[in-house]
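With chain A fixed as given, assemble chains B and C onto it according to the hints.
If you read the sequences in order, they're chains A, B and C. So the first sequence is numbered by our numbering: it starts at 1 and just counts up by one. So the second sequence is numbered by our numbering: it starts at 1001 and just counts up by one. So the third sequence is numbered by our numbering: it starts at 2001 and just counts up by one.
Source of the hints: derived by calculation from the structure; they are not laboratory data.
Computed list of lysine-lysine pairs in DSBU-like fashion (alpha-carbon distance at most 35 Å, straight line): (1) Lys2006(C) - Lys10(A); (2) Lys1032(B) - Lys144(A); (3) Lys2052(C) - Lys199(A); (4) Lys1032(B) - Lys199(A); (5) Lys199(A) - Lys2132(C); (6) Lys2006(C) - Lys1010(B); (7) Lys68(A) - Lys186(A); (8) Lys2109(C) - Lys186(A); (9) Lys1225(B) - Lys1238(B); (10) Lys1080(B) - Lys1162(B); (11) Lys186(A) - Lys1282(B); (12) Lys186(A) - Lys1032(B); (13) Lys2006(C) - Lys1153(B); (14) Lys67(A) - Lys2132(C); (15) Lys2090(C) - Lys49(A); (16) Lys195(A) - Lys2132(C); (17) Lys148(A) - Lys2090(C); (18) Lys2108(C) - Lys223(A); (19) Lys2090(C) - Lys150(A).
Short, incomplete list of chain B residues facing chain A, as computed with Cβ under 8 Å: (20) Gly1108; (21) Val1116; (22) Tyr1119; (23) Asn1340.
Every value quoted in this text rests on a predicted model; they were computed, and no experiment measured them. The C-beta atom is built at its ideal place from N, Cα and C for all residues, glycine as well.
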Amino acid sequence: MSINRRQFLKLVGVSTVAGIGGTAVFNGLRNSGLEAAQTSPDPRSLNGKRWGFVVDVSKLKSDEDYKKCIDACHSIHNVPDMSGLPEEIRIRQEVKWIWKDNFERTFPTAPEAEYQNSELKEKNFFLFCNHCAQPACVRVCPTKATFKRKDGIVMQDMHRCIGCRFCMAACPYGARSFNWRDPRGKDDNGQPFIKEENKEFPTRMIGVVEKCTLCYERLAIGKIPACVEVSGGAIVFGDLEDPNSEVRKILAEKYTIRRKPELGTQPSIYYVIGGGEHAG
Amino acid sequence: MLDKALSGSKRYWTWIFILLAVIGVAFLTYLKQFNEGLGISGMSRDVSWGLYIGQFTFLVGVAASAVMLVIPYYLHDFKKFGKIVILGEFLAISAVIMCVLFIFVDMGQPMRITNVILYPTLNSVMFWDSVVLMGYLVLNLVIGWTTLGAERKGVKPPQWVKPLIYLSVPWAVSIHTVTAFLYAGVPGRHFWLTAVMAPRFLASAFAGGPALLILLALLVRKFTKFDPGTEPIQALAKIVTYAMFANVFLLGMEFFTAFYSNIPGHMHPFHYLYAGVDGHNKLVPLMWVSSIFAITSLALLVFPGIRKNEKILAFACAILFISLWIDKGFGLVIGGFVPNMFEGITEYWPTLPEAIITSGVWAIGLLVLTVLYKVAISVRETA
Amino acid sequence: MYNGGKIILGLIVFLAFATFPFYYNIGKVNAKPELKTDTPAIQEWVQKYGKKECIESKEVMRPEHMQILNNWRDSVVRNGDRIYVSSSGKSFSMSLQNTCMNCHSNKKKFCDECHNYMAVTPYCWTCHIAPKENTL
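Excised from the complex, chain A in its bound form (with noise of 0.2 Å):
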């Protein structure tokens, strides 16, 4: 058999693809999955078709009411704290799941603010992840990293994400943070960004994306949301396609808003909106 320099290479080359690229595919076809029988939800878990919020920040008085919320979120799911950073840095590489900010920054395409009563103008807001039913980034993940659950979570699965960030540039409400750097890294004083790990909770690795996703995690145990349990009734959680539970008698009785409802996106995160002796 005679066969050439060349025919030989292409011979070996296209052998060597084919070797290697069909063990992937045969062992990624493997039966590799459980059985159906033996996974099952937690018998305690709460469910729901459509979870949200009724958010009354009127039941929030001081800045340590906020603060409370903030830092039960962050301090049960292992969030970095980027304070320690200098100012400039902090700004582009800080981690938030939940924050607080003003009427104008909240809904910057809600009514005009110019003669609104001075007390809702300096108000603050809580603004997270607006679990939307029709949300931008699920639709741009390239990946389903990010994926809206049956009960209504947009939620995160940090094992898939690369990290491209599309889901970023698509939500319209800057409710996602990126890990620019080590979460688990320290800052210029040596001070560790999550001073107390949550032993029963991952961190995240540098290079994913993360944002609030509703206490999931103490959704299937039975918990309500960590935000809301310290919330003093500020905020109100509950299933929004339940017409007896509480957000749904809120929503009934009082007027609410939703950030930047104009973009279809349908946020499932309400804002009691009061005028008068009803604001602040």
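What follows is chains B and C alone, placed relative to chain A:
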């Protein structure tokens, strides 16, 4: 044919080694970024894409521009482009490789890149972008190599290449349209939410790519025995002129819509980019340079008498390329992120490591381009 | 042969690279991994149930534990299911940090023994918090 890239003049090898040196330094810087995180770049929670993605967007345009040679030559038998089509196809290969590399260096978890293939998500534009880019790379590799190989043997290319060439025409349009979709389908970012994003991308691609090709053709004529000829270059210059007019016109349309509608969200990014907001004006000088270069290049290109002068043509193409590089490779991305989703301003400027890594990717692209052009020209010279 | 010198040189360089792992480790004989399963949590289990058992048998866990963990990950994160019923009928909560490492709280004397021997570095621990062990 690749062996032709292994023999060259002293100048050739000096150029290769300079490129390798840049690549080496950039690679070490990338390792630093891999270990310490993308935080060593200038990107932030508010401006989560920066120079890398901007360069990716710009280079997809350069890659698509090969179609401006393929259409006249293969679809309309414009024989004048016969000698330089291969230069366009090889430029496309080099540009797509740079695109892929820019995506890779921008990823937070690059080792997981196979997740895009393992978990295909059909509703994600980014998934489709990776599919069409890879397809375009394969297309151009096969077409370019086969046609060049046939030329070397002195025969016509095999028949099966023809359908691939025809396929590459809509495919080239698709790669840039899909890349435009990355921006134009995202709600909430006023600078990007415009139907003319894809048309503007294509117009600027068909201006910038051929402009670069003109410069490369002139360089090739200067440094090698291969002369593409004056007529193909003039034909390309006409394409550049018309495309650039379309691009500047569409940009004007963007300005009109934003300012005549008077909608604050639409106007703010333009205010930030071209005038600065609240003292934040890092990008203003750059954007004005881009605009002035664009108008100047058009003024030089629109008159055939001036266009015929190849020295002025080279200058016009250079400033046009720079203008588009600023506009698409930088201004476009930043304009979508500033002001942020709370109408606040967090500015962005690339850091030194970011610039070094960017230069490294460009050096890799230039290396690929040099090697491929060396092969093509060597084949021509010995033919 | 043509370019004989270069080819022979290339072959020698290639062989040097290819056999590097072998001659680099000459003299560095590692002891066979010895896994310790005498943590307080396991001792409690033995008192309660009379024998040492993991969620599945040793013969299953040794080759399949990574696959099982991947399946658990998909179940919990992507499907929202947290309870695992093992082949012995017992229910466990699917959690690396809270179930597996609860019993195997001696990561250095258990997990790391084999992993170090095989030069495997699973990156689970970049996120999942490994149990802190006493250095007594």
